[in-house]
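Asks: In case you want the letters, here they are:
2 protein chains.
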Amino acid sequence: MTVAFRLARQQDIAAVAGLLADDVLGQGREGADLAPYLAAFEAMRNDPGNLLIVGEEEGAIVACYQITFLVGLSQKGARRAQIEGVRVAQHRRGRGIGTMLIADAERRARNAGCRLMQFTTNKARHDAHRFYDRMGFTPSHIGYKKTLRGACPPR
Amino acid sequence: MTVAFRLARQQDIAAVAGLLADDVLGQGREGADLAPYLAAFEAMRNDPGNLLIVGEEEGAIVACYQITFLVGLSQKGARRAQIEGVRVAQHRRGRGIGTMLIADAERRARNAGCRLMQFTTNKARHDAHRFYDRMGFTPSHIGYKKTLRGACPPR
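Those sequence lines, one after another, are chains W and G.
To convert, note that position 40 of the first sequence is 40 in my numbering; the numbers rise steadily by one, no gaps.
To convert, note that position 34 of the second sequence is 1034 in my numbering; the numbers rise steadily by one, no gaps.
Hints were generated in silico from the structure; no laboratory data involved.
For every residue, glycine included, the Cβ atom is placed at its ideal position computed from N, Cα and C.
Hints may contain errors.
What the hints assert, rightly or not - Straight-line distance between alpha carbons at most 25 Å, and here's what the computed PhoX-like set of lysine-lysine pairs gives: (1) W/145 / G/1123; (2) G/1123 / G/1146; (3) W/123 / G/1123.
To be verified - Cβ-to-Cβ under 10 Å is the rule here; a few derived chain G residues that face chain W: (4) 1033; (5) 1035; (6) 1143; (7) 1145.
Said to hold, decoys possible - Covered stretches of chain W, going by a simulated chain G footprint (3 or more residues, C-beta under 8 Å): (8) 36-42; (9) 45-55; (10) 65-72; (11) 76-86; (12) 113-119; (13) 139-153.
Put together the whole structure using the sequences plus the hints.
Replies: Listed below in structure tokens is the structure:
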């Protein structure tokens, strides 16, 4: 099996939106209209520090993740890589694609000069926790979220 | 008491580095050399979506935080605001500065079109957890971190 991880292209966005929705937590909060996903992708393409990556196997998109390189002052100005929206297609799980995905993210993070990698995962994703523990991540933090009402339209 | 929250300037960086170091977790991982903090601040200044904010009271820097506006596909392309490096000077605590800081961050997040606010906090910061619960944040996630060895020099 060979999964190639590469930058997403516009024609991949329908598949990525499908992966995001095909998820026990995602199904309630994603939508069928592609327009907002395409708009978000266009905004990401203007930012070289915020990448959407897809895993392709025999012409099919079987995985995706977002990686953002964050500059900040903490820890002597350590650059950190943050991962969001990690998904592996349900019917392709259990074959090591998640492990390859994390390895790809770590390689991209090191190449971008990041000394830390971080992400949050919902407390309900117990299988994911065991996977991330095995991959050498430490569950040292609590991830807080808040929905903001009355946000202005993005410019 | 009036604390004004504003964008950090180069001459504030020594005070911000001091706030980051004057912390039970920060003291072991921050440094006395200002150069890496100034370099990180310069890199942030080139990114309008990644802001260092300071709270100033009677000419003194008494608080700081970093806010980053993240574009991504998840949740119908929801823009999210992420907070890092929240600090209030030890001798100014218990006077509502943290509440003002979060209100300032939420205002900036809404203005930037963000529908979500998120951050992680170390599991050891029990006082902080109670504060964030009161401020309406939900501790729904686990925050995983990993130190990356062999990162390339940032470009």
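Asks: Now tell me if each hint is right for this structure.
Replies: Checked hints:
1. W/145 / G/1123: Roughly 15 Å between the alpha carbons, so the hint for residue 145 of chain W and residue 1123 of chain G holds.
2. G/1123 / G/1146: This hinted pair holds, its Cα atoms lying about 15 Å apart.
3. W/123 / G/1123: At roughly 14 Å apart (the allowed maximum being 25 Å), residue 1123 of chain G and residue 123 of chain W satisfy the hint.
4. 1033: OK, holds: residue 1033 of chain G within 10 Å of chain W, min 8 Å.
5. 1035: holds (9 Å)
6. 1143: holds (3 Å)
7. 1145: holds (5 Å)
8. 36-42: holds (count 5)
9. 45-55: Since 4 is at least three, the answer is holds.
10. 65-72: holds (count 5)
11. 76-86: With 7 residues close enough to chain G, the hint holds.
12. 113-119: holds (count 7)
13. 139-153: Coverage by chain G holds here, the residue count being 14 at a Cβ distance below 8 Å.
Going through the hint list in order, the structure satisfies each hint without exception.
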